[in-house]
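Please model the complete structure; the sequences and the hints are all you need to start from.
The opening residue of the sequence shown carries number 1 in this note's numbering; numbering runs sequentially from there.
Since the hints were derived computationally from the structure, they do not count as laboratory data. Hints may be right or wrong, so weigh each one.
Unchecked claim - In silico lysine to aspartate or glutamate, EDC-like type, Cα no more than 20 Å apart, as pairs: (1) 140 / 99; (2) 22 / 33; (3) 22 / 11; (4) 131 / 120; (5) 140 / 130; (6) 218 / 11; (7) 131 / 105; (8) 6 / 225; (9) 140 / 126; (10) 239 / 225; (11) 6 / 122; (12) 131 / 185; (13) 127 / 105; (14) 218 / 242; (15) 6 / 35; (16) 127 / 204; (17) 239 / 204; (18) 140 / 122; (19) 218 / 231; (20) 131 / 189; (21) 140 / 94; (22) 127 / 185; (23) 6 / 26; (24) 6 / 33; (25) 218 / 86; (26) 127 / 192.
Said to hold, decoys possible - Just the calculated beta-carbon pair ranges, DEER-fashion: (27) 21 / 122: 27 to 33 Å; (28) 11 / 70: 18 to 24 Å; (29) 177 / 92: 44 to 50 Å; (30) 231 / 115: 41 to 47 Å.
Glycine included, each C-beta is placed from N, C-alpha and C at the ideal position.
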Amino acid sequence: MEDILKICNIEKYYGNSGSLTKALSDVSFQVREGEFIGIMGASGSGKTTLLNCISTIDTVSAGHIFLDGRDVTEIGERDIARFRRENLGFIFQEFNLLDTLTIRENITLALTINRVPAGEIDGRVEKMADKLHIRDILDKYPYQVSGGQKQRCACARAMINRPRLILADEPTGALDSHSSRMLLDTMRDLNESLSATILMVTHDAFTASYAGRILFLKDGRIFTEILRGNDSRRRFFGKILDVVTMLGGDLADVR
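Okay, structure coming up:
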């Protein structure tokens, strides 16, 4: 598998010359196609800022971000929305579904905006719904389904256009433990069966244990990274907690 994403020496500052805050400092790493990567760190470590820069929601102060060889930092404002639509899928903590549309319509909207032929839409939506176990709720509205079902709908919406990269920001943050496990099992299945490339920000060690590689941020820098390899998820979970301890945290930091 080739590198799909390359982060090259990016920095991010906020404020002005009189009061400058460095959120990211000389961050570099690569993501190979089909990887499931977690990004962990305490509040203020820079993990959400990093995700925002990769997603083009925010801009870098220095450095470059390449997706499939294209320098994301040089895409003009006129083209940025189209770039996001065609290359990125987003899963947020708060679902971000439209309450006036059914689950089916929420998923379909992503295809319609991308001008997918009408004859393809129903088949693609139903195939994705089957994979995420939400076919039976397609004609319900968001207020009629559980939080876990809403997040699986959001996951379907993120995946339906077959994006090059899925960006997930605390995807289990608003879910109970049962719904969290179901969502994570689904994300892992999509990663394995569709070779979906996933970059997930989380501060929860259990959630992170579903990833194959984890980058740990501290004070805007990459502190270390660990690979799951052939470890069981339970053993990998233990390694994650060891790094959290090295970072100066405790179990309260990872819930």
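Here's how the hints hold up against the structure:
no.	hint	verdict
1	140 / 99	10 Å, holds
2	22 / 33	30 Å, violated
3	22 / 11	8 Å, holds
4	131 / 120	17 Å, holds
5	140 / 130	15 Å, holds
6	218 / 11	14 Å, holds
7	131 / 105	17 Å, holds
8	6 / 225	16 Å, holds
9	140 / 126	14 Å, holds
10	239 / 225	11 Å, holds
11	6 / 122	35 Å, violated
12	131 / 185	11 Å, holds
13	127 / 105	15 Å, holds
14	218 / 242	15 Å, holds
15	6 / 35	13 Å, holds
16	127 / 204	31 Å, violated
17	239 / 204	13 Å, holds
18	140 / 122	16 Å, holds
19	218 / 231	25 Å, violated
20	131 / 189	9 Å, holds
21	140 / 94	18 Å, holds
22	127 / 185	18 Å, holds
23	6 / 26	13 Å, holds
24	6 / 33	11 Å, holds
25	218 / 86	32 Å, violated
26	127 / 192	16 Å, holds
27	21 / 122: 27 to 33 Å	49 Å, violated
28	11 / 70: 18 to 24 Å	20 Å, holds
29	177 / 92: 44 to 50 Å	20 Å, violated
30	231 / 115: 41 to 47 Å	44 Å, holds
Going through the hint list in order, the structure does not satisfy hints 2, 11, 16, 19, 25, 27, 29.
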